[in-house]
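Chain A is fixed; fit chain B with the ligands onto it per the hints.
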Amino acid sequence: MALISVSNVSLGYDAGIIAKDINLEINNGDYLCIVGENGSGKSTFIKTLLGFQRPLSGKVIFGEGLRKNEIGYLPQQTSVQKDFPASVWEIVLSGCQARAGLRPFYNSDEKKMARENMKRMNVEEFAGRCYRQLSGGQQQRVLLARALCASRSLLILDEPVSGLDPKATADMYEAIKKLNDEGVTIIMISHDVNAAVRFATHILHMRSNPVFLTKEEYKNSDLGKCYLAVEP
Amino acid sequence: MTGSIATYFEYPFVRYAIIVGMLIALCSSLFGVTLVLKRFSFIGDGLSHVAFGALAVASVINLTNQMILVLPITVGCAILMLRAGQNTRIRGDAMVAMVSVGALAFGYLIMNLFSTSTNLSGDVCTTLFGSTSILTLTSEDVLLSAILSVAVVAVFIIFYNKIFAVTFDEGFAKATGTNAGGYNLLIAVVISVVIVVAMNLVGSLLISALVVFPALSAMRICRSFKGVTVFSAVLSVSCAFAGMITSIVAGTPVGATIVMVDIAAFLVCFVTGLAARR
Ligand SMILES: Nc1ncnc2c1ncn2[C@@H]1O[C@H](COP(=O)(O)OP(=O)(O)OP(=O)(O)O)[C@@H](O)[C@H]1O
Ligand SMILES: [Mg+2]
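Top line first, the protein sequences correspond to chains A and B.
Those letters in the first sequence? Residues 278 to 509, by my numbering.
Those letters in the second sequence? Residues 2 to 279, by my numbering.
The following block holds chain A by itself, in its conformation from the complex:
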C-alpha cells in the first residue's frame, strides 16, 4: 500500500478553489518535487497533507506504518523564529517532541539522536550558538536536523533552499538527496525546476489543474519542456 494516497483532492480557501482533482500516490523511498508559480497552491497542498486544513473535496489517506507523529516538516519560515532566543541544540532537540509524548523531559536516546542528526547536517559546531545569529543557510540546516529528529521515514520540505547562495543550495540538495538514498521519503517544494528533474523521482506541477508525472514523463511533456526551457 502507498505511503500517502491523495484522491480527487481540491484545494482552496473560503474564497474558492485554487487547484482541483489532484490524484497521486507516494510510495516509500519516493522523492516528490512540487513545482509551480507563486500562489499556485504548493504550500496549501502541503498544509492539507499535514492536516492543518481540510481539502475542499476528496481524500488524503495515510498508509500503514506512517503515524501522524512520524512526519518531519520544514516550514516556509515564520516571523516568530527570527528573534527567538533559542540555542541550536534546543531547537534540534525539540524535533524529538512527538517521540517524547507526554513525558516531560527528553531521555538519553533522544539526546543521542539529536546529536547524530546535527552531525549529519554538519551543524554540531553551532550547538551552543544562538539560532538567530546563524546565516540563512545554517539556519535551514538546523531546521532540517530538527525535522530528521521528528522522522526517519518522511520529510516534507517547503522551499528548503529559498534565500541560499548557489553553494549552500547545492549542498542542501546534496544533503536531501543523501537522505533519500538512505531511504527517507521526500516531499519538497522548489522553484528550481532543473534541480527538481535532476533529483526527484516524481513531479507535481501545481496549477489550477495540477499534473502529477514521473520525472521522465515530465521531462518529455510539453509542460515540462516549456518550463525547463525558460531556465538557463
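One should not assume that every hint holds.
Cut-off 27 Å, straight-line C-alpha distance, at most; resulting in silico cross-link-like pairs (BS3-like, lysine-lysine) [to be verified]:
1. A:K444 to A:K492
2. A:K388 to A:K454
3. B:K39 to B:K227
4. A:K396 to B:K227
5. A:K444 to A:K396
6. B:K39 to A:K324
7. B:K227 to A:K389
8. A:K455 to A:K396
9. A:K388 to B:K227
For the record, the hints were derived by calculation from the structure and aren't laboratory data.
Just so we're clear, the structure is a prediction, and the values are computed from it rather than from any experiment.
Same frame as chain A, but now just chain B with the ligands:
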C-alpha cells in the same frame, strides 16, 4: 536602616508577604517569555482589565472570597482572546482592546453605582495599582497566592519542552503531532491564573510590567531559551524582593516600586546587551 528592616522581619506576616511576593514574581516571569515571543503581551494587558471588572462585580455583590468569581471570568476571557488572536492578527487586537476597555469601564461604573464603601476612590486605586503596602494582604490571600504560584511553577516545569516547541514553531509542532491548540489553551489559562494572583501584589494596571519586563531584559542578555527563562525568573524575583524592601522602608506603594526596579534592571540589561554586541 538595616536595623529597621530587621525589625520588620521579626513579624511573621511580613515574612509571608515577602515570600508570596517573590513567588508571584517568579511565576509571572516564567510565562512572560512565551507571551512576549508569541506576540501575546497585549493579551496579558487585556486580561488584567477583565480581572479588574470581575473584581468590581465581586466586591459589589459582597463575595467573601472574590477569587471564586474573578478566576473563572478571567480564564474564560483568556480563552476567548486567544481564539480571536489566532484567526487574524488585527481582529484579535481589536477584540482584546474592546474587551479590556469595556471591562474597565464596566467595573468602574458599577463600583460607583453600587458600592457601599465610604472610600470609593481608595478602593478603585487599590484594585488598579495594588495595595499601598503588601502588609495589608490577608492570610487567606497569602495562602491562596502561595498555592496557585506553586501550581503555576509546577505546570511550567512539567510542560517546559512542550511550551518551547509550541512557542518556537507552532507549525512544526502541529505537523509532528503535538497538540498545539491544547497547549496554547493551557498557556492562556495559566496566564490568567498568574494575572489574578499578581493583582494582589501590584494591581491590575501594573501586572503587564511584571510579566513583560523580566522577559525583555533577559532576551537582551541570553542566547538560549533555558538561559532566558532562568535569567528572567531570577531577575524578576530579585527585583520583587528589592522593590518590596524599598517600599517598606521608604513607605512607597509596593506595586509601583517593584515596577520601577524592573525598569531599572531592564535599562541595565539593555546597555549590557549593546556593549556585549560590540
Ligand atoms: N490562509 C489563507 N486564506 C486565504 N487564502 C490563502 C491563505 N493562504 C494562502 N492563500 C491563497 O492561496 C493561494 C495559494 O497560496 P500558497 O501559499 O499555497 O502558494 P504557494 O504556491 O506556496 O506560493 P509561494 O511559491 O509564494 O510559496 C494564494 O493565492 C494565496 O493568496
Ligand atoms: Mg509557499
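Okay, the hints, checked on the actual structure:
no.	hint	in the structure
1	A:K444 to A:K492	holds, 24 Å
2	A:K388 to A:K454	holds, 25 Å
3	B:K39 to B:K227	holds, 16 Å
4	A:K396 to B:K227	holds, 23 Å
5	A:K444 to A:K396	holds, 19 Å
6	B:K39 to A:K324	holds, 21 Å
7	B:K227 to A:K389	holds, 19 Å
8	A:K455 to A:K396	holds, 14 Å
9	A:K388 to B:K227	holds, 16 Å
The structure agrees with every numbered hint stated previously.
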